[in-house]
Amino acid sequence: MGLFNTKRPIIMIILINILGYALLSFFGHNYDTDMLYVGLAVIGMLCFSYILTSKFGVQDGYIFLIVAMLFSIGEIMLYRIDSFYGHRQLRWLAVSLLCFFVVYFVIMKFNFWSKIGYAYYIFAVALLVATIFLGTTRGGAKNWIFFGNFGFQPSEIAKLLVVFFLADRFNRPEKYRISNIGEGVVTSALVYILIGVMLLQREWGTSILIFLVFISLMYIFGEKKRIIFGNLFLGCVVCILGALIVPHIKVRIDVWLDPWADMTGKGYQITQSLFAIGSGGFFGSGIGLGSPEYIPEVHSDFIFSAICEEFGILGGVAVIMLYFLLVYRGIRISMKVNNIFYRCIAAGVSILFGFQTFIILGGVIKLIPLTGITLPFISYGGSSLLISFAAVAVLEAIANRNETVR
Amino acid sequence: MKKSQLDKNGSIYKEETRLIVLLCIVGLLFLCLVGYLTYIEVFSKEEFINNAFNQRQWKQEENTLRGDIVDRDGVILAYSTMNYDEKTQTREYPYNKLYTHLVGYTSKIYGKSQIELAYNKQLAGLTDLTGLSDLTEQISGNKKGDTVTLTISNKLQNAASKVMGNRNGAVVAIQPKTGEVLCMLSNPSFSPDSQSLQEKWSLLNDDETSPFVARATNGLYAPGSIFKTILLCAALDNELENIEIDDNGEYTVGNKTFTNSGQKAFGRISLEESYAVSSNVAFMQTGDILGQETVKNYMKKFKIADKIPFELTVAKSRFDYDETLNKADFAQLCIGQGKLLVTPFQMALMVSGIANNGILQKPYIVSKVTSSLGIAVESTKPQIWDRIVSASTAAKVTEYMTTVVDSGTGYNAKINGIKVAGKTGTAENEVEGKEHTWFVGFAPADDPTIAVAVICEYSGNTGGSDCAPVAAQLFKTWLNN
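Chain order of the listed sequences is A and B. According to my numbering, the residues represented by the first sequence are 1 to 406, in order. According to my numbering, the residues represented by the second sequence are 1 to 481, in order.
Derived by calculation from the structure, the hints in this document are not laboratory data. Where hints are given, some of them may not hold.
[Claimed, not checked] Listed next, the in silico DSBU-like pairs over lysine-lysine satisfying Cα-Cα at most 30 Å (straight line):
#	chain 1	residue 1	chain 2	residue 2
1	A	K175	B	K14
2	B	K14	A	K225
3	B	K162	B	K316
4	B	K177	B	K296
5	A	K115	B	K362
6	B	K381	B	K476
7	B	K121	A	K266
8	A	K266	B	K45
9	B	K177	B	K45
10	B	K381	A	K266
11	A	K224	B	K14
[Claimed, not checked] With beta-carbon atoms standing in for the labels, derived distance ranges:
#	chain 1	residue 1	chain 2	residue 2	range
12	A	R172	B	K14	16 to 26 Å
13	B	C32	A	N111	40 to 50 Å
14	B	K14	A	F112	54 to 64 Å
15	B	L325	A	F283	28 to 38 Å
16	A	F283	B	Y13	22 to 32 Å
17	B	G74	A	A261	37 to 47 Å
Positions of the beta carbon are idealized from the N, C-alpha and C atoms, including for glycine.
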């Protein structure tokens, strides 16, 4: 049976969860049986879903395993930081797994996906515009929509929709020509309108992310060189202007250049993050033995610093390698698919994961200026987890669409 | 048809190549992340861990009872008490102000200083932050930091403080054969406990007498006549022992005229006599014979303005070797005035080198660090720093310095039954008629076990009347031990 097949090491995921939750049950010197039940629940949900993927004949079983491992590491860390976040994330896991299968089957069974390009775009822009009017401000960015207690970030969904929209543009370029204006210019204009709306909500990170994915897809699918370079030039100009004019961005760059100048103020978060990473050393303090709670927002943007402190830099490197494997499997699917629409989506989703990981990890270790975006599968947050699982479902579904496999 | 198929395949292969290029780019970016993490671990880690804003330190420090600081006989100079209910600890300094400039203070608000700072890692038990090595202590519960044993003698420190009274200045005593620092007093001082620091910090900051300056190690003063000792060494090595100097009470360079203190004129005197009476005119003439280069060489031999290897920070004495002094400035230098500033610590090293037959020992103040289980973690062995003068010259200088105490300006340093060597000094400063006064010396002259440097700020008297009695008291206390 698939569960203990050594070729696909689900056993590793079971093991890390057993170890993690056993250690957490001793955390704080009081024996906490709740943690063991949590551990069982996580293992149960992940294993059950994994068996289902095997049953449904999901082609690339590795992707689900990589993602399950990333989630496990993140969830153990969340429970260690605060069981409040852990419990909520556990509920989100259930919803996300359900979403995974729904998206998987919906993509598999229907064929109209490659025919509604503009719909993705309009939906994405509509969501973002709605956020401007209905949104709530959290952490300096007005990028949340609340339905009662349930809040989500529309920019998360928009990311995925943009990839679908771009896939349609490369699949049916003729649909994106307006009289004698080429498809390259029209798409660029549309993407900039969307990024513009996003910038209004101070979503610097996601804006840069979408821009990078846009440039990458243009490169892969053979856009004219002058369009690509024109866009790159424009992007650089906007970045430089932003750095010079917008005070928010200026502050972030100053803090990046010298966080030590204002350790108690603006540089507090990043310096606390660096203290955590430095204190962990290569092997980490061990789970529960570090002090990641000193870092503000450690459960969302800065969870990687907590991982580095308690699992060591080697643990952090392992996480980075898992993301690389994820990108690799995604690109591999993209290369196997004949249909340009699906090939573009697979490439776009993989690159999205790659750049998103780099932007947030580079930010928390002070390699690049910090922009607040989530670390897929690991950071606390329902909409991020849900969309990440949906994206993976899209990848799996593309790998399985029989007619497209070469 | 065939051609278009080929085109399509061709473009697909191109796309595949570009997909791989992009995968490589992502790989490269991730490699940058790994590289930067490794860089942090290898190069910046120490700095991050020891940053004063890293609260991990405080947390670990709070869980560990801070170690004791004790003197050479085991007298406790600093200890901590744990309040177990609130999980806080209090640092107690039984001798209050006496050791502030030596033991230092430890405060959450104002940080740490001196030994408390230099040995913080050991005192706080922070030797490893990964938490694996101290598993035994975690199991057994109570954890205590290491004990730091100093070479300081509490008796000597108390004696120095008593005789200095409320005068501002510094006293440094060194065991010349080993380099152990026996006493290091800086006046004025302040109470080191957290509560008084909090109450008086701003007051102390505004105080004109600068109580935050640890004068023994960081006070910079003109050495005055005690600097003649270095010139004496140069003169003896250059066969000027038997010169006769005509001291008519005046030494003129260009339009400047220098005189002896008290406008005296000593007539024809030998080198030994001119040192005993501290004739400025004679030493300016001797310096002129020796030349600027030779004098600077001897200053270098005595490590003037070198970085001093020591557990606590010692200010570098100030002197610019590269600047060629004009005649007037050089004449001033020969009597320890003008372009030279030294720390009392440096002057104590100068005499301790002479006392130890010309061999200067590396100074040290921490003799050992012991873990709470009684295991010695670190210990310091006496180490030779450098030979500064030949043994014969050192012996000669000792002889001359004995004369200074027996029948010269340093007679107040005399004690019954023991031969004392010494030299007095007066250093002009910005306040006319309120000179700093010095005394350096060692005892017993034939087999020295203690070398001292004493300075009294703005005393307006002479080194003989102000500082020599302080030294005498130190010698008595130490040698009666």
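Status of the hints after comparison with the structure:
1. A:K175 <-> B:K14: 24 Å, holds
2. B:K14 <-> A:K225: Status holds; Cα separation ~15 Å.
3. B:K162 <-> B:K316: 29 Å, holds
4. B:K177 <-> B:K296: 26 Å, holds
5. A:K115 <-> B:K362: 84 Å, violated
6. B:K381 <-> B:K476: 27 Å, holds
7. B:K121 <-> A:K266: Within the cut-off at roughly 29 Å; holds.
8. A:K266 <-> B:K45: Satisfied, since the Cα-Cα distance of roughly 22 Å is no more than 30 Å.
9. B:K177 <-> B:K45: Outside the cut-off at roughly 39 Å; violated.
10. B:K381 <-> A:K266: 47 Å, violated
11. A:K224 <-> B:K14: 14 Å, holds
12. A:R172 <-> B:K14: 16 to 26 Å: The hinted range 16 to 26 Å holds for R172 (chain A) and K14 (chain B), with Cβ atoms some 20 Å apart.
13. B:C32 <-> A:N111: 40 to 50 Å: For N111 (chain A) against C32 (chain B), whose Cβ atoms are near 41 Å apart, the range 40 to 50 Å holds.
14. B:K14 <-> A:F112: 54 to 64 Å: Between K14 (chain B) and F112 (chain A), where Cβ atoms are some 29 Å apart, the hint is violated.
15. B:L325 <-> A:F283: 28 to 38 Å: 59 Å, violated
16. A:F283 <-> B:Y13: 22 to 32 Å: 45 Å, violated
17. B:G74 <-> A:A261: 37 to 47 Å: 45 Å, holds
Hint check: violations occur at hints 5, 9, 10, 14, 15 and 16; the rest are consistent with the structure.
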